[in-house]
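Undergrad: Listed below, chain by chain, are the residues.
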Amino acid sequence: MDFQVVVLAGGFSKTLVPLVSKEVPKVLLPVANRPVLSYVLELLEQNDLRKLVKVVEGESAALLISSWISSTFVDRLQVEVTAVPEDVGTAGALRAIDHRLTAKDILVLSGDLVSEIPPGAVAAAHRRHDAAVTAMLCSVPVSGPSESGSSGAKDKTKKAGRYNIVGLDPTKQFLLHIAAGAEMDKDIRVQKSILRAAGQMEIRADLMDAHMYAFKRSVLQEVLNQKENFQSLRRDVLPYLVRTQLRSELFLNGAQSDENGSGMDAVQNSKVLLSQLLANASTPSFHEMYALDSAESAPISRKTHKCCVYIANKSKYCARLNSIQAFSDINRDIVGDASHISGYNFSNHNNIIHPSAVLGSKTTVGPHCMVGEGSQMGDKCSVKKSVIGRHCRIGSNVKIVNSVVMNHVSIGDGCSIQGSIICSNVQLQERAVLKDCQVGASFVVTAGSEYKGESLAKKEKQ
Amino acid sequence: MDPRRAPRTVSDPKVRHVGFFAPGAPPDRSHSVPTDPLTSSPPVSGISPASNSLSPVMIPPPRPLSTDLSRQFAHSPPVSPLRVAGAADSPFPVGSYNQSEFLSPTTTTEYSEDPLSPSWGRKGSSGNFTSSLLAGEIEMALEEQNSVFNLPRDGGANVEIQELRAVSGKQMKEKPTKAERRAIQEAQRAAKAAAKGQGSKTSAAATVVNPVNVNIKKPVKAVSQKKDNSSVAVSEKRVSDRQPDKDRKKEIPHPRMQFDDANRVEKAKKRSVVKQIEARNRVELFRHLPQYEYGSRLPDLESKFFQLDPVHPAVYKVGLRYLAGDISGGNARCIAMLQAFQESIKDYSTPQEKSLIRDLTTKINGYVSYLIECRPLSISMGNAIRFLKTRIAQLSLNLSESEAKANLISCIDSFITEKIILADKVIVKHAVTKIRDGDVLLTHGSSSAVEMILSHAHELGKMFRVVIVDSRPKLEGQKLLRRLVGKGVHCTYTHINAVSYIMHEVTKVLLGASSVLSNGTVYSRVGTACVAMVAHQFRVPVLICCEAYKFHERVQLDSICSNELGDPDAISKVSGRNEINALDGWANTENLQLLNLTYDATPSDYVSMIITDYGMIPPTSVPVIVREYRRENLWI
Chain A
1 MDFQVVVLAG
11 GFSKTLVPLV
21 SKEVPKVLLP
31 VANRPVLSYV
41 LELLEQNDLR
51 KLVKVVEGES
61 AALLISSWIS
71 STFVDRLQVE
81 VTAVPEDVGT
91 AGALRAIDHR
101 LTAKDILVLS
111 GDLVSEIPPG
121 AVAAAHRRHD
131 AAVTAMLCSV
141 PVSGPSESGS
151 SGAKDKTKKA
161 GRYNIVGLDP
171 TKQFLLHIAA
181 GAEMDKDIRV
191 QKSILRAAGQ
201 MEIRADLMDA
211 HMYAFKRSVL
221 QEVLNQKENF
231 QSLRRDVLPY
241 LVRTQLRSEL
251 FLNGAQSDEN
261 GSGMDAVQNS
271 KVLLSQLLAN
281 ASTPSFHEMY
291 ALDSAESAPI
301 SRKTHKCCVY
311 IANKSKYCAR
321 LNSIQAFSDI
331 NRDIVGDASH
341 ISGYNFSNHN
351 NIIHPSAVLG
361 SKTTVGPHCM
371 VGEGSQMGDK
381 CSVKKSVIGR
391 HCRIGSNVKI
401 VNSVVMNHVS
411 IGDGCSIQGS
421 IICSNVQLQE
431 RAVLKDCQVG
441 ASFVVTAGSE
451 YKGESLAKKE
461 KQ
Chain B
1 MDPRRAPRTV
11 SDPKVRHVGF
21 FAPGAPPDRS
31 HSVPTDPLTS
41 SPPVSGISPA
51 SNSLSPVMIP
61 PPRPLSTDLS
71 RQFAHSPPVS
81 PLRVAGAADS
91 PFPVGSYNQS
101 EFLSPTTTTE
111 YSEDPLSPSW
121 GRKGSSGNFT
131 SSLLAGEIEM
141 ALEEQNSVFN
151 LPRDGGANVE
161 IQELRAVSGK
171 QMKEKPTKAE
181 RRAIQEAQRA
191 AKAAAKGQGS
201 KTSAAATVVN
211 PVNVNIKKPV
221 KAVSQKKDNS
231 SVAVSEKRVS
241 DRQPDKDRKK
251 EIPHPRMQFD
261 DANRVEKAKK
271 RSVVKQIEAR
281 NRVELFRHLP
291 QYEYGSRLPD
301 LESKFFQLDP
311 VHPAVYKVGL
321 RYLAGDISGG
331 NARCIAMLQA
341 FQESIKDYST
351 PQEKSLIRDL
361 TTKINGYVSY
371 LIECRPLSIS
381 MGNAIRFLKT
391 RIAQLSLNLS
401 ESEAKANLIS
411 CIDSFITEKI
421 ILADKVIVKH
431 AVTKIRDGDV
441 LLTHGSSSAV
451 EMILSHAHEL
461 GKMFRVVIVD
471 SRPKLEGQKL
481 LRRLVGKGVH
491 CTYTHINAVS
501 YIMHEVTKVL
511 LGASSVLSNG
521 TVYSRVGTAC
531 VAMVAHQFRV
541 PVLICCEAYK
551 FHERVQLDSI
561 CSNELGDPDA
571 ISKVSGRNEI
581 NALDGWANTE
591 NLQLLNLTYD
601 ATPSDYVSMI
611 ITDYGMIPPT
621 SVPVIVREYR
631 RENLWI
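Protein sequences appear in the order of chains A and B.
According to this note's numbering, the first sequence is numbered sequentially starting from 1.
According to this note's numbering, the second sequence is numbered sequentially starting from 1.
These aren't lab readings, by the way, just hints derived from the structure by calculation.
Any given hint could turn out to be false.
[To be verified] Here are the computed lysine-lysine pairs in the BS3-like style, where the Cα-Cα straight-line distance is at most 27 Å:
{"id": "1", "chain 1": "B", "residue 1": "Lys573", "chain 2": "A", "residue 2": "Lys314"}
{"id": "2", "chain 1": "B", "residue 1": "Lys304", "chain 2": "B", "residue 2": "Lys363"}
{"id": "3", "chain 1": "A", "residue 1": "Lys51", "chain 2": "B", "residue 2": "Lys346"}
{"id": "4", "chain 1": "A", "residue 1": "Lys51", "chain 2": "B", "residue 2": "Lys363"}
{"id": "5", "chain 1": "B", "residue 1": "Lys479", "chain 2": "B", "residue 2": "Lys346"}
{"id": "6", "chain 1": "B", "residue 1": "Lys346", "chain 2": "A", "residue 2": "Lys104"}
{"id": "7", "chain 1": "A", "residue 1": "Lys435", "chain 2": "A", "residue 2": "Lys458"}
{"id": "8", "chain 1": "A", "residue 1": "Lys435", "chain 2": "A", "residue 2": "Lys385"}
{"id": "9", "chain 1": "B", "residue 1": "Lys479", "chain 2": "A", "residue 2": "Lys192"}
As the structure is a computational prediction, the values presented were derived from the model and not from experiment.
My request is simple: use the sequences and hints to build the entire structure.
TA: The structure is reproduced here in structure tokens:
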């Protein structure tokens with residue numbers, strides 16, 4: 001279908017600080033005991049997109065990811081992993097692989113997307129309108145009850161992602177305005193020309209940018225080349241394209257000619273007639289109306305490009321792992337409401353307990369739980385709405401509620417863990433009590449200590 | 001005047017070649033009518049599948065004929081297949097009757113010398129009535145020749161004949177004797193030989209289902225062979241024309257599939273690309289047309305974007321835009337489709353061990369069936385597809401792949417320019433002569449040809465006024481209005497309910513058409529018939545502007561048998577008025593069905609003139625154009 005897929009797997013994300021580390025890049029964080037990246041790759045595989053370009057920030061992360069991919073997806077996908085220097089941003093990453101992009105359209109996905117929305121839908125909307133860019137928006141997922149309790153300082157990006165101000169045209173197919181929450185002041189500025197051309201604008205705040213974009217290659221490359229300072233697709237490139245959609249002086253070569261239908265390379269009279277005929281018959285978007293109107297007043301018709309939007313159905317699951325809160329939400333949803341994405345078979349009790357896991361007597365594992373391979377639990381434990389990784393050793397009388405426990409964690413007797421995330425190789429000694437905490441890898445929580453709403457990690461990391 | 005044409009005109013007024021049937025059939029039918037009740041005896045009484053393929057002869061004969069028949073019966077007792085074979089050898093002993101009835105010498109001469117004369121037209125249309133019935137049945141028969149029985153339809157027609165022969169029925173059913181079987185075999189062989197003699201065309205028709213079938217085919221064949229000998233040219237033309245048609249029938253769902261036939265729908269579903277959920281409240285009278293839930297189709301197709309390997313991206317995009325309603329209008333849809341095919345041909349490369357002609361034809365067939373799933377083809381598209389396939393079939397084998405591709409691409413280009421763009425220009429040139437100063441022109445909906453005429457007339461400085469009559473739910477007239485007003489044309493905009501009022505002041509009605517059928521019926525956007533009828537009542541001339549490539553040999557008498565149903569939600573909801581929601585959740589009401597017809601058929605009585613690229617013609621001359629046009633199309 002002449003589409004190229006680029007998966008952006010940012011390396012080390014600051015917003016997820018205690019969870020990610022040099023050893024565990026963001027996209028390898030486990031969601032229901034599988035790296036989050038595997039969800040994206042499986043989604044693509046289901047849609048017959050087997051050739052991917054993958055961009056990773058940082059050499060070491062790239063190595064880790066490529067080794068993981070080659071071990072898991074060896075026969076199934078053709079993935080090229082490319083490392084780019086850190087802190088170049090998403091736009092910079094694409095700039096770095098500029099020469100690799102050859103297809104007519106580029107589909108850019110973020111590696112931390114957990115979704116069941118077929119990328120084909122975005123691509124189809126893109127093709128249907130011959131758009132310069134198509135963004136996928138999805139409704140904001142329900143976040144956990146403990147949101148207020150999570151550490152406030154790190155929520156900046158999360159908020160930006162969640163409180164987008166999006167302006168749509170009446171048909172809900174075109175993007176008229178987009179502003180990320182972080183840049184938003186008390187007022188929003190809407191361009192008059194766009195508003196006038198579209199007639200109406202619907203402003204929504206309940207949509208989230210899912211970071212799945214389809215770009216026209218020529219447009220993307222041109223923007224990236226001309227605007228050297230653009231760092232991020234979401235914050236710079238997309239708003240720029242939306243802003244300039246009615247006066248796209250940028251794309252005079254190439255991009256424009258195939259934009260308004262193939263009949264536009266008009267030299268002969270009949271060709272003009274032909275394109276006119278086609279244009280008259282098709283339902284015009286406001287872009288064409290605008291171009292048409294100006295064509296009568298001015299000798300040269302104004303160039304426009306279309307920014308389309310695909311709004312995912314509410315019933316489809318879609319979330320991005322871009323904050324700690326999102327991490328626990330996604331974990332909860334994958335073993336809970338959105339369990340069909342996980343690809344696991346749930347038992348009658350609505351949970352997954354690996355056959356090799358050992359449970360002590362009177363230990364209960366509630367619904368929406370998952371216990372990984374080789375984990376052992378002592379007596380009288382209770383696990384509710386939690387994910388427990390591989391080869392964990394859990395003592396007796398342990399309570400785990402609403403939490404994520406990664407691999408090789410040892411938990412002493414009488415611990416109580418609530419709403420927390422415990423990374424790999426952590427050691428919890430007896431009677432430790434954690435509430436709404438994040439515990440970084442290999443941390444040791446001393447016996448009897450009590451933490452609430454804190455982020456614990458080894459000293460050198462902080 | 002034309003020696004080739006003579007044999008055909010003999011039988012012509014009654015049977016124009018209408019619909020889809022075996023190439024040899026039409027000319028012979030008139031002759032075989034009287035013979036057939038005799039020859040076809042086994043199927044009629046025995047109710048075998050073959051009786052379907054015979055439906056052309058099942059029409060209840062006219063009164064006098066029936067007496068004639070019974071007399072024949074009286075002195076010709078039960079007919080054996082043997083006798084039939086004999087009849088084949090000595091062609092149509094009984095055919096004379098028909099000639100006297102339908103083909104008076106006057107009609108013959110009239111027809112050949114002045115095809116446009118109205119008297120012929122009247123004759124033609126009276127003949128067309130029966131032939132349309134025939135066409136319907138033949139079509140059905142052809143479709144079902146090999147598989148399905150589906151008798152009830154023919155039943156009605158059969159009754160009379162069955163009564164006639166109730167006496168002898170028993171004997172007919174008896175198993176043939178050895179000698180008879182032998183004769184049957186021989187007949188088969190002869191049929192095959194005859195088919196070969198005629199060239200490849202009839203081979204498909206001659207594939208024999210069972211001996212009985214052969215028997216009945218036999219006389220037909222013999223006759224047609226004779227005909228063809230006398231007019232080789234004509235037959236050859238049809239040969240090359242029919243071939244692609246046959247292919248299509250085999251490989252893709254027939255464009256006029258009957259959707260009330262559960263078996264076939266089931267089969268079609270298995271093949272289909274777009275998942276189609278049938279609407280729950282289907283309109284009873286239109287059950288034979290596809291009626292789907294509209295909401296679910298677009299998202300489903302969209303989500304399959306990357307899984308549709310066999311469909312070329314350009315074709316996919318066009319299909320998507322059809323489905324979403326982004327492109328509408330016969331010309332635009334046709335052009336978009338052809339351009340998509342061009343793209344796909346550009347990217348095409350022949351796989352190993354396959355020939356370009358065959359492989360490309362199957363590819364195009366796949367695309368076409370995909371497009372049909374998105375939206376039923378318009379007749380203009382059907383004609384364009386037929387043109388393209390003929391061109392593919394005609395490619396010489398010596399051409400290299402790149403040459404062949406270039407050839408096809410330029411063919412498509414020239415089709416678009418000649419048949420659409422230039423045709424429109426010619427139409428505009430003709431039509432403008434009809435617009436005088438002070439005229440008030442009424443148009444309905446939005447037709448590309450009419451729009452060009454109006455704007456050209458305006459450019460010429462003619463002083464006229466335009467009334468645009470529009471109708472829900474598409475309100476296409478608004479776009480036309482916007483463009484015309486933008487050019488400074490004086491316009492009035494009204495809805496179709498006011499047409500009887502506004503017609504008082506109108507001097508001419510200009511309408512577009514999706515297709516013009518060979519009985520002069522104009523098949524167009526729903527509402528056109530209404531406008532034309534009102535205009536006729538007010539003695540306002542109705543001019544139809546239609547490119548000749550949209551003409552079709554089919555005959556249609558009503559808007560029911562072939563039509564397209566739009567989204568019922570479109571008429572239940574008024575955009576921008578949410579407070580009018582009496583019909584919300586109508587799909588849950590058992591006893592409510594919404595009918596959103598897309599096309600209607602305007603009888604030729606209401607049409608004063610058709611403006612085509614071949615000039616301004618009366619509706620009765622359409623068959624001539626169809627015939628001439630097709631020949632030209634194939635012989636270039």
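Undergrad: None of the hints should be skipped; say for each whether it holds.
TA: Hints, one by one, checked against the model:
Under the criterion of a C-alpha separation no larger than 27 Å, the hint pairing B/Lys573 with A/Lys314 is consistent with the structure, at around 23 Å. With a CA separation close to 19 Å, the supplied pair B/Lys304 and B/Lys363 stays within the 27 Å bound. Restraint check: the Cα-Cα separation between A/Lys51 and B/Lys346 comes to about 24 Å, which is no more than 27 Å; the hinted pair holds. For the suggested pair A/Lys51 and B/Lys363, the alpha carbons sit about 25 Å apart, so the restraint of at most 27 Å is met.
Proposed proximity of B/Lys479 and B/Lys346 is contradicted: the alpha carbons are some 34 Å apart, above 27 Å. Distance hint between B/Lys346 and A/Lys104 is fulfilled; the C-alpha atoms sit about 16 Å from each other, no more than 27 Å. Restraint check for A/Lys435 and A/Lys458: satisfied, since their Cα atoms lie roughly 18 Å apart, inside the 27 Å limit. Under the criterion of a C-alpha separation no larger than 27 Å, the hint pairing A/Lys435 with A/Lys385 is consistent with the structure, at around 15 Å.
The straight-line distance between the Cα atoms of B/Lys479 and A/Lys192 is roughly 24 Å, inside the 27 Å bound, and the hint therefore holds.
Violated hints amount to a single one, hint 5; each of the other numbered hints is respected by the structure.
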